[in-house]
Structure formats: structure tokens, C-alpha cells
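*Asks:* Once you have looked at the hints, place chain L on chain W.
Taken in order, these protein sequences are the chains called W and L.
So in the numbering used here, spot 47 of the first sequence is number 47, and the numbers just go up one at a time.
So in the numbering used here, spot 7 of the second sequence is number 7, and the numbers just go up one at a time.
Incomplete in silico selection of chain L near chain W, CB under 7 Å:
# : residue
1 : 45
2 : 98
3 : 102
Think of the hints as simulated: they come from the structure by calculation, not from any bench.
Backbone N, C-alpha and C define an ideal beta-carbon position, used for all residues, glycine too.
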Amino acid sequence: DSGVTQTPKHLITATGQRVTLRCSPRSGDLSVYWYQQSLDQGLQFLIQYYNGEERAKGNILERFSAQQFPDLHSELNLSSLELGDSALYFCASSVLDRVNYGYTFGSGTRLTVV
Amino acid sequence: GQNIDQPTEMTATEGAIVQINCTYQTSGFNGLFWYQQHAGEAPTFLSYNVLDGLEEKGRFSSFLSRSKGYSYLLLKELQMKDSASYLCAVRVSGGYQKVTFGTGTKLQVIP
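With the rest of the complex left out, here is chain L:
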């Protein structure tokens, strides 16, 4: 099976930078996703990493190190609307590919 660990909660200040870490243990790793989920709403796709390195998309960046089983999501110039849960999810290969989600990191942005 897969084991995905993320901090449960984080707090950061509006305008600042925050890094949300995710570690995973799995066999057959075949990609890592980050999703944003506002309370009571559907998760929305943020990023996908399958190779090592940094992927940048506007204010959001995602990093992956496959050898370390580690990823982070970097949010810059934080806005109040960024207050949400951030879900790390891992895809494994072999047969029909499945995506397993971590329990998420609840980020609170304060003024």
C-alpha cells in the first residue's frame, strides 16, 4: 500500500510564502499530484510531478524528489483566498493505475 504524510495544519501571513511538505512511501511510484480543497467543496487540481525537480505555475510551485519520497507545494504572495486544505496524492503503476490521497494540510492565511 501507500503511506502519505503531510502536516495537519499550518498558518501563514497574507503576502508571505509558505511551503507545504509531503512525504510518501510506496512501490511503483508514477506521479504526484497536489489539489486544493476549500471546506465543503470539490478538490481542484493544482499540479502534477512525475520527474524530479520544480514545476512552477504562477504563484504556486511544486517540487519532487523521487529518491527521497518527498514533495512540497510552495505558495507565494499568499492571499486570504488561499486558506484551504492542500491534498498530496500519489499515483502508482501496475495494472490499472490508482491515485491515493493524503489527509491534507489545512492552511489558514491570516492578515
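Just chain W, same shape as in the assembly:
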């Protein structure tokens, strides 16, 4: 157990639907990062939050949004889902907004859009 908790582990939903993925960072970590990993693709950075504030944005679609709450857990909202959104979604956390010693990743949420 890495200390980063993601729920749910698996999600199957239909095109056009909306889902929410949840992440609880490791105790003491203030930064949360969201990554998408499609089949045979590298980890694509989506967005980063630090202590409740958005810090950096990557290749995140307008249909996707995220937030970090006062208790530091984060949620990634995916709407108007398309088949191509099927992927593993990872959350990672670190103590600071700078990563000197690597992220700690959660076990991921596997999203299947049918």
C-alpha cells in the first residue's frame, strides 16, 4: 500500500456519461497530480493541485475538470465520455509542489467507456 488511495478501482460506463474519480493523497502530502495512461501510451500529465490550488495544467480536455478539497483529497471529473477516454487514471502525491524524490502513485482507476 503506497498510502495514496484511489477509488473506484474499476469503472465501466457508457458514452456521454459523467464520472468522478477520487484520490486521497499520502498523509502529509500537499500536492496531488492526475495522469492518464492509455493502452501502450505513456503517462500523460493532466493537472496538479497544491494545498487546494491549481498549480499546473497539462493535456487536460475541456470535458475534464478537477479540484482539491480542504482535506486535501482530490476529484477528477470526466464528462461527455467518449470511447477514447478509456484508460488508466493515476493519482500521485508529493510533499511539496516540487518533486525532488519522485511521486507516490495510487493504484489507479481503470475506466472503460462502452
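*Replies:* Same frame as chain W, but now just chain L:
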């Protein structure tokens, strides 16, 4: 942006040594990470290099040459459990620092 290149796949024999290369092109380089990822699982941190040279950690070592935009991960005394994808990731400075991952090298260890 950043461009990170790694071989797609490699095969090596149990007990042998394997070197996985990574080349990158980026501005504002501020560190390079290696992660291990077993199929369907979360990546786990292996090493971090920010200065030139070799960092050794047990059976794993990582090397960096900033002038050449080159790194390698060296795995010694290969074990079957080392079969996994190895991800090279580059951090860039400027504003809020971001880490960009390569597509990974899938290593298969055979008996």
C-alpha cells in the same frame, strides 16, 4: 515541450545485466527520474538524477549526462520479477515544475 525517447521493448536473460537508455530534448532541464511499472499496476519510483554521473542503489544504477541529453538505467543480476516497463521521466523548471514521462521500455526477463 519535451521529447523523450526510449526503446519500446527489450529482452534479457535471468542473472544477466541490462541497460535501458533514455534520450531527451528539453529546455529548462531540472532532473530525470526512472520508474518501474508492472502491467496494470502503479509506477514505483526507482531513481532520481539531477547532476551528471552514476547513482547506485543495490541492483539498480542510473546514469545521467546533461550535455548529451542522455540517461540509462542499469539492472544487474536480473530476476524474473524485474519483467516490467521502465519509465524515464524528465522534470523541467520554470514556473511550477512539471514531470513528463516517456512511453516506457517493456523489459522481458527470460530464464
